[in-house]
Amino acid sequence: MTTTLDKPTPEAPAEEGRSARSLVDAVFRAREIAIGGALALLILGTWLANPGFLDDQGVKDLLLNSSILVLLAVGQSVVVMTRNIDLSVGSVVGLTAFACGHFVSGTDHSALTVVLLGIGLGTVCGLVSGALVSFGRVPALVVTLGMLYIIQGIDHAWAHGEQINAVNVPDGVLSLGSGSVLGIPYLPLISAAVLAATGYFLRTYRSGRELYAIGSSPEAARLAGIPVRRRILAAYAFSGAIAGFAGALWLARFGTVVADAANGWELTVVSAVVVGGVAITGGTGSVWGAALGALLLTTIGSALVVLKVDSFWQQAITGVLLLAAITTDRVLQVRTTSALRKRSRR
Amino acid sequence: MEKPDKGLAPVLALRGVSKTFGAVRALHDVSLDLRPGEIHALAGENGAGKSTLIKTLAGVHHPDEGKILLSGEPVVFHGPADARDAGIAVIYQEPTLFPDLSIAENIFMGRQPRRSARRIDRRAVHRATADLMSRLGVALDPRRPARGLSIADQQIVEIAKALSFDARVLIMDEPTAALTGSETARLFSVVRTLRAEGAAVLFISHRLEEIFGLCSHVTTLRDGRHVASEPLDGLTEDDLVRRMVGRDLDDLYPKSEAEPGPTVLSVSRLTREGVFRDVSFEVRRGEIVALAGLVGAGRSEVAQAVFGVDRADAGEVKVDGRVLTAGSPTAAMDAGLALVPEDRRLRGLVMEMSIERNIGLTGLRDVRRRGLVSRALEHARAADWAVKLQLKYSRLADPVSVLSGGNQQKVVLAKWLATDPAVLIVDEPTRGIDVGTKAEVHRLLSSLAADGLAVLMVSSDLPEVLRMADRILVMHEGRLTAEIPRERATEETVMAAATGRAPDTDRTERTAAKEPTP
Amino acid sequence: MTTMTTLTRYLRWDTAVGILLIAVFLAGTGTTEGFANTDNLSAALGDVSEIALIALPMTLLVVAGQVDLSVASMLGLSSALAGSLWQAGFAFELIVPVCLLAGAVGGLLNGWLVTRVGLPSLAVTIGTLTLYRGLASVILGDEAVADFPETYAKYAAYTETMPGTFVPYPVALFAVLAVGTAIALHCTGFGRSLFAIGAQEDAAWFAGIRVKRLKLVLFVVSGLVASFAGIIYTLRYGSARADNGLGLELVVIASVLLGGVDFDGGKGTLGGAVAGVLLIGLLTNLLTLNDISNEIQVIVTGLLLVASVLTPRIIAVVSERRHRRTAAEESVPVSAAP
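Chains as they are written, first to last, in this note's numbering: chain F, 1 to 346; chain R, 1 to 518; chain Y, 1 to 338.
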């Protein structure tokens, strides 16, 4: 009854596919390279202007300052990859730092106990957010915003204006923040280890790839039989665990903790992740890029101090970087898509 | 019910399956047998329950009553994963892939070959994908991301996925709707290969010639009920249509002769880089002009550029001699243009809005009283057109999503006819709507033209083009290649122009020059 | 989707919030000394005046499927700008238009990035949130500028009310604007267009609605209102600081969503959003009067926010079960059943 007009199309030769692939590879790698390059330039420039920037103490400071943000960026990027967001991380860090401090004050608990406590508490927070997002099917931004308020409120109500003093924190815990091995402080080593493990997991394990799949197309993920809700729950639990870990490290590093530690960090973390090339619409990017983004943001802050530029500029620069990053992403995405279309059409 | 013919035992079967959504009975006591090595067609109008049946087999829906039998044993699918593990693969009309991931990852997501410590064996994944591609006879790089693949290639990826887990049952839901002829041919040869390997295939299509060309058995559904299961041998197209519709059809193409009036729409040298170029034509009052061509020839794109939803890079559109502002649908509407788009669920209607608000959306200035939107005027406007177009609805305040496809299309038509246009552009006006409504739409277009409306109709449905149009414009690879008056229009002349085989030496040369020698 | 429709037929969330608002008011009147008097109510309303003002354009944005997270930073930027100009000796009559201009330009940047570059508004405004707050620090550092002219300051403070009423000036302004915005959203073609854009942007564009222009206008208005709220905030507290209104964007969004405006766009009422703002205002006031600490108030806000998005879904699931429906093809990942 119905006839349709037909059209012959020549098959695309294999070489076409290969060149399209290398083009896309280049674009995907470009982000890590670009951020790495910017970071290198920034460090080089600052060092030339003030060689003190890269002396032993300078490097140590840089590493110490960035390690907690890098850690949080790793946790956040796992959530963002699944096309979600976790705005509660800042408040989780604050809560766990205070809780851990409260727990160890005047005792001689070991660093390990504190870390486990932090991770446990953080995981609980992450599980609550994750359960609401995945099983409650409510917008992630709204829920984690609500969780931000709730956790922050609990934290402040508990602290009630008090603070944890370094003198009450056992030395074993504090040495985690100040100690080092072969001249490299523990903190950046821990961050690097978490980063490497997460990066390897996301690349080489089925459940890691499934996180990318969920972010790339939730509908397709469901049809492919991926347990979408459980994976999202796990991503949030991971992000929470990392935030809790970061809270414990915060205590170890600073010793003195007030209730609003890491207050407002959630947006800095999201910025770092997005600058590092993890698209807020999910499915792309790597924890390596996110870590580089975090490193870049921290380095800008330190460089401004060394260059004696008003530190008030830091936030404005971060904002510009963030806008530049998403704009570049968008332009590149439009270009690659149309390039790939043309290739497949020919 | 026909007696199932002898042969192998069914690998997958439905027995007396019923499924209800709220007050709607989507399936009522439906049975179906799928045997290995057999391509089985599923026929029925839109809303007959085909999608529900597919989703039941795919594990998306659970039947309220009845059983699913897998190799004769009753099974319960808790989700798509269960159905997949049972060896059932579904290929949807528009595959849902992961655009950011590579073809190989798309195929093996969740089932990647692993090496020690449960790690993914990346090399094995790529090797297996390359094997699948060569088995299908397709040159697609396993590492290429799915973003930017044509729909045909996306379906190939889906089929490769089905092959990768040795699917025993392959369900194809209108896979050819968006394919070109050669892509369809390639798909069919792949499907025949699978049949030869012993797979059972369930094939759904609106195109009867595809059903007759590919399948050996057919099951027909009407209003969620099982009408017949029978071999296609000895069945005619008319028999099948009668089973689907339940009655003999009135004339599908009621075209009344019209006397063309003055030119109202004039398009000159319209160009959009990489899509179409140098398109010029005119449409007169009282005329139905069809824009024919292959899928991807740029017909919808021309229609959209004329209406201004896409911006043309060069050229101009005149309505009643006045040049339109480029890229402005508002200006086009003011000049008396209307566009009924191809994708009515995404572009034609706001699905969650009510019928009356959807119809009111094109006339927000007309339903005003003292500067504010008057609900009474809005309602009256909608009610008026609902009656004129014989819309079937319960309340005008209901969201359009509850209407059937044909009635949704009537709402889109109402929404645009209410603007009292001088030129109506319709893009695939009858795609995916049932045969009864199709005839109604044709009657409407014909009578509108008789009343002096200029109609530009983009259509892939060749009989519709041949019987409804006064004049046929044919596009090939972004260019207008022929203008054929009604008297000379035949399948052959239109197809020749559409495939670039027009007896126009100048054009054939140009086309030839465009093909690079590999 | 169908289940939501059935749900809204029985109970509309914005009505529920309205009822809750009245209940809180009555409960407050019955239990708390010093709640239901004009002085206290002026204070309660005055305290949320900036939030309320910004919530108006925010409601329009969310209905159109967008969000503007940069509003509080714009408030801070406007405040910092006003402070530094006042410090430099400019007339206050000149400062106000300059701040408003800054707000419009900031909104224009948001709108441009969203409509021309095609970026999601969430990402864009997280960026400008950082940028505008950063610019505020660049302009004013960590200084605080005070001593604004009393002639203007008194209009922002809730001690001064409209003659013959207990309504502070900013609240009166809000009331007028709220009525205007409600009419614009629910009774004009402009409003209908916003709902269409939020529900299905492509369909709106194909119906001849100027999608990009409308979105751009919304972002500009949002920036404009935020900068104006910045001036009110500065005058009300008598202090211009770069960190004025830090984190206020979250309270604004919380109020709007609490009022039943769908974060995914296309659904909601302005009345609901206003009820959401007032509910947060009254509740905060009531809790303060009962000596319940600020921390608990923050927790209550958070719980309300989660409840506002979760409750409708729970009701939907329950009614779904009751109707033995599986909305599987819509959103329930069936496979997640253990």
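Be aware that one or more of the hints could be misleading.
[Said to hold, decoys possible] Per label pair, the in silico range of CB-to-CB distance:
# : chain 1 : residue 1 : chain 2 : residue 2 : range
1 : F       : Val320    : Y       : Arg213    : 22 to 30 Å
2 : F       : Ala34     : R       : Arg345    : 35 to 43 Å
3 : Y       : Asp202    : R       : Gly137    : 35 to 43 Å
4 : R       : Ala397    : Y       : Asp202    : 45 to 53 Å
5 : R       : Pro231    : F       : Arg137    : 40 to 48 Å
It is worth saying that the hints were derived from the structure and are not from the lab. Just so it is clear, CB atoms sit at the ideal spot from N, CA and C, and this is done for glycine as well.
Hint by hint, here is what the structure shows:
1. Val320(F) to Arg213(Y): 22 to 30 Å: Cβ of Val320(F) to Cβ of Arg213(Y): about 27 Å, so the range 22 to 30 Å holds.
2. Ala34(F) to Arg345(R): 35 to 43 Å: This hint holds: roughly 40 Å between Cβ atoms.
3. Asp202(Y) to Gly137(R): 35 to 43 Å: 37 Å, holds
4. Ala397(R) to Asp202(Y): 45 to 53 Å: 23 Å, violated
5. Pro231(R) to Arg137(F): 40 to 48 Å: Given about 46 Å between the Cβ atoms, the range holds.
Hint compliance for this structure: hint 4 alone is broken.
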